[in-house]
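Student: Single-letter residue listing:
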Amino acid sequence: MNSVKKGHPTLHVDDLHTWFDLRAGILKAVDGVTIEVGEREAVGLVGESGCGKSVTAFSIMGLVPVPGKIAAGSISFGDRCISTLSDDEMSKIRGRDISMIFQDPMTYLNPVFSVERQITETILLHQPISKQEARTRTVGLLRSTGIPEAEKVTKYYPHQLSGGMRQRVLIAMAIACNPSLIIADEPTTALDVTVQAQILRLIKRMKEELKTSLLLITHDLGIVAHMCDRVYVMYAGKIVEHGDVWQIFKHAQHPYTRGLLECVLSIDQFKREIRTIDGFVPNLIHPPSGCRFRTRCAFATAECSNEPPLTQIEEGHYLACYNPQGDR
Amino acid sequence: MRMPLLEVVDLKKTFPVRTGFFSGELKGKVVHAVDGISFKVEAGETLGLVGESGCGKTTALQLMCRLIEPTSGAVYFEGTNVYDLDAKALRDVRREMKLVFQDPYASLNPRRTIGNTLCRQFTIRGMSKVKAKEEATGLLETVGLLPAEDFFARHPHELSGGQRQRVAVARALGFRPKLIFADEPVSALDMSVRGQILGLMKKLQKSNGLTYVFVTHDLGVVRSICTKIAVMYLGKIVEFADVEELFLKPQHPYTKALISSTPIPNPDSRNVEQLVLSGEVPSPIDLPPGCRFSSRCPVKQDDCVLKEPELLEVRKNHLVACYHPLA
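Protein chains in written order, with our numbering: chain A, 1 to 328; chain B, 1 to 327.
One or more hints might be untrue.
No more than 20 angstroms apart at the CA atoms, straight line, and that leaves these computed lysine to any residue pairs for SDA-like [said to hold, decoys possible]:
no., chain 1, residue 1, chain 2, residue 2
1, B, K316, B, P4
2, B, K300, B, E280
3, A, K152, A, T136
4, A, K204, B, K203
5, B, K202, A, E262
6, A, K207, B, N271
7, A, K250, B, K202
8, A, K204, B, L275
9, B, K249, A, D268
10, A, K204, B, Q274
11, A, K204, B, N266
12, A, K250, B, Q102
13, A, K204, B, K249
14, B, K203, A, D278
15, B, K202, A, K152
16, A, K152, A, V139
17, A, K250, B, N266
18, B, K256, A, K250
19, A, K250, B, E280
20, B, K206, A, T136
21, B, K203, A, G279
22, A, K152, B, K249
23, A, K250, B, K249
Just so you know, these hints were derived from the structure itself, not from any lab.
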């Protein structure tokens with residue numbers, strides 16, 4: 001299961017460049033990213049904040065905020081190119097084929113409409129069924145996400161729900177039309193750990209039951225280790241390493257991936273020296289030439305001023321670095 | 001016997017409940033934010049106060065610095081009850097115990113330069129400007145913001161999140177405090193920066209002989225910096241132990257669930273059975289009868305709902321409030 005299954009992957013992002021034309025210059029938030037998500041696969045996209053993870057997700061959904069635009073590259077979904085679709089065409093795909101779960105459900109739920117109205121709206125937009133049927137299905141969806149007294153909750157407004165409940169409503173909305181891909185952008189960052197565990201378990205179960213693919217964006221490597229089959233590590237708008245979850249967690253070669261793994265404060269290790277990656281993500285209007293990580297990298301050499309290509313180092317394991325770290 | 005640096009005795013804080021903006025307080029209904037907590041912190045220790053949101057950990061911290069007045073109870077700092085102090089004496093005590101907040105974007109005044117922010121605590125107490133600048137420069141150097149002169153003239157918006165949090169730590173270090181309260185000091189920071197700030201705080205603890213009280217929901221942070229942990233649930237401490245003891249032999253089912261719910265960054269751990277709690281933290285207004293964790297407890301028995309369990313010592317320095325502690 002190292003590489004994507006044969007045939008068309010569910011999602012294929014090819015050499016994506018999403019740029020923001022700002023007064024200060026062009027901010028290259030995503031600068032040549034290639035990602036594949038296979039059928040029924042769970043893929044993780046990790047990196048620090050400001051490295052372009054969310055912009056990648058918004059690009060896939062066709063929701064890049066102004067003044068951003070997809071400057072180059074293509075995104076295909078199944079055998080269809082979706083990066084060139086019009087807004088109308090894209091809105092037919094959004095919610096039906098690809099849906100998204102966001103970090104902060106309060107921002108993405110409309111505060112003035114009831115839960116029922118918001119979920120039935122999604123269903124009615126994509127499926128030719130009656131309002132009554134849509135309402136019944138809403139109750140079923142809420143129940144399947146583990147909301148107690150679902151009939152009552154459909155009448156609630158978002159402010160009457162707790163954070164965990166809101167996230168369940170958002171998940172119910174995301175799965176309402178049986179999408180083939182769910183993009184989850186930091187779905188549990190705003191939640192407490194015990195609720196996080198419930199939500200992750202729910203996402204995992206839904207993924208199995210509905211046979212969907214999952215693109216999980218997070219900075220929490222613990223969650224990735226738990227949920228994903230393959231992992232892409234992103235730094236300053238580029239993919240620096242990707243491979244299956246074992247390759248990344250056990251045999252990471254890129255100094256950045258290593259750094260990320262070493263600076264995680266895990267509960268299973270006791271009071272060792274706290275490791276860090278010095279510095280911070282560079283300004284993406286004027287990124288460093290060559291390897292973008294070289295300004296923070298302890299292993300940078302003269303060669304690093306040329307950009308390292310993303311090359312395969314073993315079956316399914318790709319690396320963009322001239323100084324691989326070897327095995328730990 | 002040696003006096004503990006900080007001793008909290010049966011501290012309680014309730015807040016009245018209001019139903020709407022114009023309606024009055026509901027009679028007899030209160031939020032039990034902190035409901036009788038007691039513990040001691042010895043000099044040089046780092047106590048972690050952990051729990052989910054709404055468990056009262058931040059209220060507890062505010063009470064300890066007397067930012068809010070308690071409903072009942074006492075907090076002794078070096079043997080003095082901080083609630084007995086008058087305004088002047090309290091100001092003096094507050095030089096010895098300082099605060100670092102979660103969000104360095106909010107806790108620094110955006111209109112003041114870093115130098116101004118740091119100097120203010122000195123000039124306000126009558127130090128000359130020249131001397132204050134010297135002190136502030138020293139503080140910046142201590143927290144690794146070099147060259148200090150460069151940072152002195154900058155405004156908070158010109159700094160990264162990690163640098164801002166360093167400034168907040170620097171500010172707390174003025175007057176060489178003995179105790180620093182930190183409320184989620186690294187939660188707003190990126191994971192690569194978290195280690196930098198925690199490493200800095202650890203280093204300062206050694207060099208300045210500091211004692212910390214950390215409020216956090218992140219067990220990873222606790223494990224890497226704390227020596228003792230108090231686990232809070234709905235305003236009460238349910239377990240109190242040394243860090244290693246607590247992680248290796250958690251006794252309270254809630255502690256066990258917290259540890260088990262925290263994902264470990266190792267794909268080998270994905271097959272380990274997790275103890276996932278059902279439901280969410282109940283309302284602190286209408287507490288469940290008996291043990292307040294009973295509504296979510298996986299090992300609940302009939303006697304749990306009859307009477308609230310007390311925090312008792314089950315092993316040396318290991319206190320648990322549970323009738324059926326885990327083996």
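Student: Between K249 of chain B and D268 of chain A, is the straight-line Cα distance small enough, at 20 angstroms or below?
Tutor: holds (13 angstroms)
Student: For the pair we were handed, K316 of chain B and P4 of chain B, check the Cα-Cα distance against 20 angstroms.
Tutor: holds (18 angstroms)
Student: Below or equal to 20 angstroms on CA atoms is what counts here, so check K204 of chain A against K203 of chain B.
Tutor: violated (41 angstroms)
Student: Sort out whether K152 of chain A lies within 20 angstroms of K202 of chain B, counting only the CA atoms.
Tutor: The hint is violated at about 50 angstroms.
Student: Has the given pair, K250 of chain A with K202 of chain B, been kept, meaning a C-alpha gap of at most 20 angstroms?
Tutor: violated (29 angstroms)
Student: When you check the alpha-carbon spacing of K256 of chain B and K250 of chain A, does it fall within 20 angstroms?
Tutor: Since the Cα atoms of K256 of chain B and K250 of chain A sit roughly 27 angstroms apart, the hinted pair is violated (cutoff 20 angstroms).
Student: Between K152 of chain A and K249 of chain B, does the CA-CA distance stay at or below 20 angstroms?
Tutor: violated (41 angstroms)
Student: Mind checking the alpha carbons of K204 of chain A and K249 of chain B for me, to see if they're no more than 20 angstroms apart?
Tutor: Outside the cut-off at roughly 29 angstroms; violated.
Student: Given the proposed pairing of K204 of chain A with Q274 of chain B, does the C-alpha separation stay at or below 20 angstroms?
Tutor: Holds: K204 of chain A and Q274 of chain B sit about 14 angstroms apart, inside 20 angstroms.
Student: Would you check the hint for K204 of chain A and L275 of chain B, treating anything up to 20 angstroms between C-alpha atoms as holding?
Tutor: holds (16 angstroms)
Student: Compare the distance between the alpha carbons of K250 of chain A and Q102 of chain B with 20 angstroms, and conclude whether the hinted pair is satisfied.
Tutor: violated (33 angstroms)
Student: K152 of chain A and V139 of chain A were given as a pair; does the straight-line alpha-carbon distance stay at or below 20 angstroms?
Tutor: holds (9 angstroms)
The structure shown violates the earlier hints numbered 4, 7, 12, 13, 15, 18, 19, 20, 22 and 23.
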